[in-house]
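Asks: Here is what each chain is made of, one letter per residue.
Number of protein chains: 2
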Amino acid sequence: MFDDFKLNGDKAYYLQVKDYIKELILKGIIKSHTRLPSTRELSKIIGVSRNTVIEAYNYLEDEGFIYQKKAKGYYVSSIENKDKTAIKIDWKSKLTDEAILSDRLDITKHEAKWERGMISFKSISPDPKLFDLDEFKRAFLNRISLEEGKILNYGYAIGYRPLIEEIKSYLKLKGIDLKGKDVIITNGYTEALNLVLSAILNEGEEIVCENPTHNTAINIMRLKGAKLIAVDVEDGGININMLDRKIKQSNSKCIYLTPSYHNPTGVVFSPENRLKILEIAKKYNVPIIEDGFNEELRYHSSHILPLAALDGGNSIIYISSFSKVLFPGIRIGWILADKELINYIESLKRNLNIHTSFLDQALLYEYLSGGNLEKYINKVKRIYRDKFEWAIKCAKKYIPHKKILGEGGLHLFIELNNISSRKVLDECLKQGVIFTPGDVFYIDNKGNNTLRLGISRVTNEEIEKGFKIIGDVVKKLEGLK
Amino acid sequence: MFDDFKLNGDKAYYLQVKDYIKELILKGIIKSHTRLPSTRELSKIIGVSRNTVIEAYNYLEDEGFIYQKKAKGYYVSSIENKDKTAIKIDWKSKLTDEAILSDRLDITKHEAKWERGMISFKSISPDPKLFDLDEFKRAFLNRISLEEGKILNYGYAIGYRPLIEEIKSYLKLKGIDLKGKDVIITNGYTEALNLVLSAILNEGEEIVCENPTHNTAINIMRLKGAKLIAVDVEDGGININMLDRKIKQSNSKCIYLTPSYHNPTGVVFSPENRLKILEIAKKYNVPIIEDGFNEELRYHSSHILPLAALDGGNSIIYISSFSKVLFPGIRIGWILADKELINYIESLKRNLNIHTSFLDQALLYEYLSGGNLEKYINKVKRIYRDKFEWAIKCAKKYIPHKKILGEGGLHLFIELNNISSRKVLDECLKQGVIFTPGDVFYIDNKGNNTLRLGISRVTNEEIEKGFKIIGDVVKKLEGLK
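Line by line, the protein sequences are chains A and B.
All residue numbers for the first sequence refer to the numbering used here, where the first residue is 248 and numbers rise by one.
All residue numbers for the second sequence refer to the numbering used here, where the first residue is 248 and numbers rise by one.
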């Protein structure tokens, strides 16, 4: 006994001794009510100081694993034998439909995975090497010295007040009138959409949305039991006639749109298109969930107001985050909507996870309040724009296509000449190139000839090399037809 | 024009000039296609350097608010008039039943609120003044210099791998056999319970649970559509005969229990009680959701193994967090369960909010891995224990009662002699004392004569003063009967 004890450098020695003895007790190697070696004896056996053993015994006593008998030393408490029961549950038979569907729709699990050495065009997350860590550290140290332990204790479901005010100012400068509206902080855009649908969508109700659209949004809507009604996206925006017709024919609870920088096509809805959308929404009195996706990374066009700025009423639920430019790992997003609606969403949020990390909210606030976001966007916009233009050039040069879509952001969307992008992917994987087949963005099994190419985390050389491989595969498959 | 511009100290001057002009454009005060003053002119008018104005104009051009004409200067882009449409939605008529119920059950909204100057026994959150901020800062600086921007970028739904391993070691030292099991990180205990129920509970199914129990758990179960079946909690654990009978009579999907430190009564389930619970679970093959609430803050009894350590099978879903001792504001909890079940919960989690903040997970990992948790618990246990013993003494002395429950933790639970605790609360509020009436923890309108008194964030003097006020009110009401 005690002869396999080994110290390592990571943890205080007395904690290591404590954990070691605890394991012997839990495994039943030291039996209940047996006497432990004296602190002097054990210190010799395992080669640590006697004080270390004393400390370890103190902790073990505090945790109830051993007890003292006066003048007799330490004894092991009675710990139940854990093998008395073994209950076997068939978990598969217990699953809800939601769990099964959620697993089935989970493309992270089921799509081809990146492996070391591959050129990956799957990611559209920002390049972490561009983050301004010094400013972030400064933000941390400032906030924590100002707020102290408070910022690590429970906060409020609605969010960290200074961050809410900062986001409100930010939205005001997008032209949004905040009268009668409120903002709640969420764990990113994803939770925001979940909360909004929990508040207004009953199972089986219809949502009109773009086709294709954001895969995460499709999954969330489907898991909430929505019936999705598809409207085509074209150059310049959504097909207005189709939008009108589909809303007229359906009984849609709301419209879900990503007008600022449509994912996956990269189309920016024109001002005219936006106004027409609002006319239709007014005609049928249907609210709109506006996804502010990537509004910050538009490269060319003149400023375009979000729908939330164009409607003087209360019909727009605007959800967004900075996750495509800044710190997606801390998972902070928000919902701007009618005050009354936010009041209900606040209770749903409290019930779901009490609130979003107050530490992260405080850090983001401190970072934003110094004007760092603007400086940062100014910096990365130039870098991403150069990369985007290079990617467009390479795509045109190497990949035979029907259409290349995208007006900025961190990816392009390509329509091939009736070649299956999944067949292209199969071939490309063998040659170390991976991308997202476009069909995952469609709600009606279309888009088999499309693919999305994320470029934020690859070099210009990788873009050229990877696109050439994709292009060669496409040419080969075109030749086979 | 431009005469109401004022600089303030917080933000870079060029950003302030930029935002100022942006607002004038958005409000329509400067019309589309009008010429802006030259940089030289504006610098004189508003009293900033010309370089500041040049920078501001550059940003405005980048954001698409203004454009340049060669040799003619800067002009305002055409921005749509935002008053064209005003869509009015009657949000109340759009709400789901879930949203309405969630608002109705939200005790944070509807119960009496703390006001400055009151003695509050509502909170059972840890005292933030006890947090070890220096260690936390060190953890931040260490992790960020090791992980750099990576830790601020997207991570994985299952959680931050080093934290998962750390929690697994921690659970092993509670005697839990991890074979065939896995851990997923969640946004606190609250999200953990939500995820578990999403995975296994269909609307209308039955859950057997303690009565009273944690109010948050009641709300979550009700909002998921559970039918709750109440089993009484007594000294030493749950009423075993009643548990057997209720499970036999029902068709319960699972049992929800808080055996380690029952909230609100503070009862610690005895080893015998735990083994009997497992016998019943085995007899009816019903899984158990075990809430590890406050396991860390038991003051007296010898070590008691959690149910998850006593079942050698796969029937226990163990959910917990450190939020009652450490950093609840960062909202980190976890689920330990059968691997197969966790695989489904992972997809549900990804769909809900992609993952829990990777920054916070990394900070917690770094903090834990140094052995800080044990040192911290060791420190606060003594402080909280002293306070708890003082509170028990004061309660016995001042408050006429039928029963005082609680074996540790951060609160006591009191049963009065048929006096309505809400009537007591009404009177106490007038005298500046607030607490939680116990009925919110009951699922069958019982508990009208009970109250929970949280003591973590009040001083010993406040405890004595506050309990005396409560006691005097109780005496007065007893006299009136």
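The hints are simulated quantities; they were obtained by calculation from the structure and are not laboratory data.
Owing to the predicted nature of the structure, the values given are computational and were not obtained by experimental measurement.
Some clues are possibly wrong.
Which copy is meant is left open, so a pair is good if it fits within one copy or across any two.
List of simulated lysine to any residue pairs, SDA-like, C-alpha gap at most 20 Å [claimed, not checked]:
no., residue 1, residue 2
1, Lys723, Tyr645
2, Lys712, Leu262
3, Lys530, Glu662
4, Lys356, Ser445
Asks: Run every hint past the structure and note whether it holds.
Replies: Here's how the hints hold up against the structure:
1. Lys723 <-> Tyr645: within (13 Å within a copy, 88 Å between copies)
2. Lys712 <-> Leu262: neither (53 Å within a copy, 40 Å between copies)
3. Lys530 <-> Glu662: neither (34 Å within a copy, 59 Å between copies)
4. Lys356 <-> Ser445: between (25 Å within a copy, 19 Å between copies)
Comparing the model with each earlier hint shows violations of hints 2, 3; every other hint is respected.
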